[in-house]
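**Q** When the letters of the sequence shown are read in order and numbered with my numbering, they come out as residues 57 to 702.
Don't take each hint at face value.
[Claimed, not checked] Derived DMTMM-like pairs (lysine to aspartate or glutamate); straight-line CA-CA distance at most 20 Å:
no. : residue 1 : residue 2
1   : 207       : 177
2   : 178       : 160
3   : 323       : 356
4   : 410       : 112
5   : 586       : 641
6   : 127       : 160
7   : 111       : 139
8   : 345       : 356
9   : 329       : 293
10  : 458       : 469
11  : 577       : 663
12  : 595       : 678
13  : 243       : 199
14  : 619       : 634
15  : 577       : 593
16  : 360       : 326
17  : 127       : 177
18  : 260       : 250
19  : 336       : 293
20  : 616       : 663
21  : 179       : 167
22  : 247       : 199
23  : 284       : 322
24  : 163       : 139
25  : 619       : 593
26  : 302       : 267
27  : 303       : 250
28  : 623       : 593
[To be verified] Listed next, with one range per pair, are the computed distances between beta-carbon atoms:
no. : residue 1 : residue 2 : range
29  : 112       : 423       : 37 to 45 Å
30  : 428       : 461       : 22 to 30 Å
31  : 623       : 473       : 45 to 53 Å
32  : 160       : 355       : 53 to 61 Å
33  : 437       : 553       : 40 to 48 Å
34  : 428       : 257       : 56 to 64 Å
35  : 430       : 130       : 45 to 53 Å
36  : 130       : 257       : 28 to 36 Å
37  : 447       : 108       : 25 to 33 Å
Calculated from the structure, these hints are not laboratory results.
Positions of the beta carbon are idealized from the N, C-alpha and C atoms, including for glycine.
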Amino acid sequence: MNRLIFLLFPLFLQLVLSYPQKLQARAYCRFIHQQQHIPIEIDSSQVKEYYNKAKEIYRSDPKEAQNIVEKGISLAQLHHMSEMEVDLLNLKGVILLKLNQFDESIKTHFEVLKKREALQDKKGEMLSLLNIGNVFNKSYDPDQALIYYLKSLKIAQQINDAPNRPNIQLNIGNIYAQRALNGTEQKPANKAIEYLLTTVVYSKKNTPQIDLFNSYILLSYLYLKVEKFNLSSHYTDMAVDITSKKKDPVGESYARINRANILVQEKKFELAKRKVSIIKQIIARSGLKELNEELSGDFEKIAKAIKMSNTALVLSDIDSASAESTKNSELIRTKIREELREKYETTKKELENKNLKLHNEAIEKEVKWNRSAWLWTCGFLLIFSVLLLLLYNKHKLLILEKRKVEFQSHEIEKQHASLIQADHFRSRIFSVISHDLRTPIANFNALLSLTKIASIPESEIKSSLVSIGQEVKTASKMLEELLVWSSQQMSNEQIEFATISIYDTVMQSVQLFEDRIRLKKLTVVYYIDKNLTVYTDGKRLEFIIRNMINNAIKFSFIGKPIKINAKEQNGEVIIAIEDQGSGIDEIKLAALRRKGRIFSTLGTLKEKGTGIGLMLSQEFAERIGCRISISSTVGLGSIFSLHVPM
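Construct the complete structure from the given sequences, taking the supplied hints into account.
**A** Right, dumping it as structure tokens:
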């Protein structure tokens, strides 16, 4: 698995790194298509591309935008896309106005208005009327412009069009403002102020994102015209604040010119002179020489007013010798101001595009560097991962070797302990054998010697033979148990598991001790289900039960019962043999529980034992997965229990 990951990882890394390049290539192809106006698909998305492209460039390149719009209109008409056709025709009218083709622009907008009326598109009708008003306004027919602006405003109020309503009101206020600024009547000024104030309040409430500079600058001019210098100063400050934050040198210059005019009116001539100096610095930083020429008349007028200390000069409409005979001087100034702002915005846009291009190039370089860094990082991480994996495997092998050595060491320690225990056991065995075998043999030799040298009564010989026979029987039993133990120690005898009946095994073992049971007048009481079975080694189970029954008989008082009980409890079968006899004290009981300990005690009729039987029973129980528990009370008896897992 690790090898497979190692082989597939470079392929996966290549796919991840190449995917952004594929996206970039697709975007670049799409851009080329847009630049060359090559159709990608003959569907609505292509017409939208024409529309969006023309809308994007019509300010900076109206001729090219006009060509794109004509292609879009033709395609929309070919595929009967009426809504897109109307949008493109509307944009065409805007572009024609940009090219100063007023008649064609009005004709186009009236065509759009007719189509929108047929579609019952109220918002579209509003925009068409607004565009028609814009054409009349730019072609120096403010009276006709006002008619269509008022119609557009009426629809905007009906449909509650928040984004466009302030713009329409501003245009209406602007026309009234030009009338006021060109004449001496108070009524147009008040009308203009009314519309402009409504525009400001509505915009702040519904469309706070709208730029209110034009409203503020017109209000500042109008209040200066009606000689309300405090209000004029207030709106001038607001116009200056907006334009300085936006870094709009054209708007800021016009706003500060009005500030200079107010200072002249307030007879603060030095401050007015300083304000003119600030305006010239702003124009010099912007590089708009045309703006300096446009405002030269204002500069001369302010300088003349300062020189003559004549505050009335700044309110005069005579800006220069060339404009003295011009009836619509303020309209000309408005047009020049708009052209200057548009030129500045275009230059600013071109600069932003250039900066954006440089920024994109920097991003592209950064992406390439990041891609390289990512590739190197991935390579390093891959190598590091492989090394880490190798170290981990090596560490794992060392841990396994260590555990293996620890296990072998533990086994050696166990074997060493077993050898020590076996050696100790052998010493005990030889001690028992030397004692228990020597006694009957010595007694028998003594009896033979006496019969040779003296005449012994038959009754005494018979009594001696019975005693010697009992000792021989004990020695014989000890030899039998030693043979079983030696077989166990050889470990060649296989354990054979089978289903064993507890009742049958107990009954067979009890039958072996019938003579001793009768001798001690004992009774055996059984509490065993005949169907109860266990799955274990039959020979060893029988040996353990036989030894436990033998001990119960040996230590029982004469005439007492022996209870043999077998039951299922907690996932095991418990075979318990209970006697009523001498019992075992705590010290001897602790000695019996210690593994490998040979311990022998005389029975209630002085029966001898070797102690090997219990030791063998414990070893056999351990080998077949069982355990022996002992509980005893001195003078009352003992309970030996064998726990066999189910």
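**Q** If a hint holds in the structure, say so; if it does not, say that too.
**A** Hints, verified against the model:
no.	hint	verdict
1	207 x 177	holds (15 Å)
2	178 x 160	violated (23 Å)
3	323 x 356	holds (17 Å)
4	410 x 112	holds (16 Å)
5	586 x 641	violated (35 Å)
6	127 x 160	holds (18 Å)
7	111 x 139	holds (16 Å)
8	345 x 356	holds (16 Å)
9	329 x 293	holds (18 Å)
10	458 x 469	holds (16 Å)
11	577 x 663	holds (15 Å)
12	595 x 678	holds (14 Å)
13	243 x 199	holds (16 Å)
14	619 x 634	holds (5 Å)
15	577 x 593	violated (33 Å)
16	360 x 326	holds (13 Å)
17	127 x 177	violated (24 Å)
18	260 x 250	holds (16 Å)
19	336 x 293	holds (18 Å)
20	616 x 663	holds (17 Å)
21	179 x 167	holds (16 Å)
22	247 x 199	holds (15 Å)
23	284 x 322	holds (11 Å)
24	163 x 139	holds (19 Å)
25	619 x 593	violated (24 Å)
26	302 x 267	holds (10 Å)
27	303 x 250	violated (29 Å)
28	623 x 593	holds (19 Å)
29	112 x 423: 37 to 45 Å	violated (25 Å)
30	428 x 461: 22 to 30 Å	violated (49 Å)
31	623 x 473: 45 to 53 Å	violated (36 Å)
32	160 x 355: 53 to 61 Å	violated (39 Å)
33	437 x 553: 40 to 48 Å	violated (56 Å)
34	428 x 257: 56 to 64 Å	holds (58 Å)
35	430 x 130: 45 to 53 Å	holds (48 Å)
36	130 x 257: 28 to 36 Å	violated (45 Å)
37	447 x 108: 25 to 33 Å	violated (59 Å)
Hint compliance for this structure: hints 2, 5, 15, 17, 25, 27, 29, 30, 31, 32, 33, 36, 37 are not met, and every other hint is.
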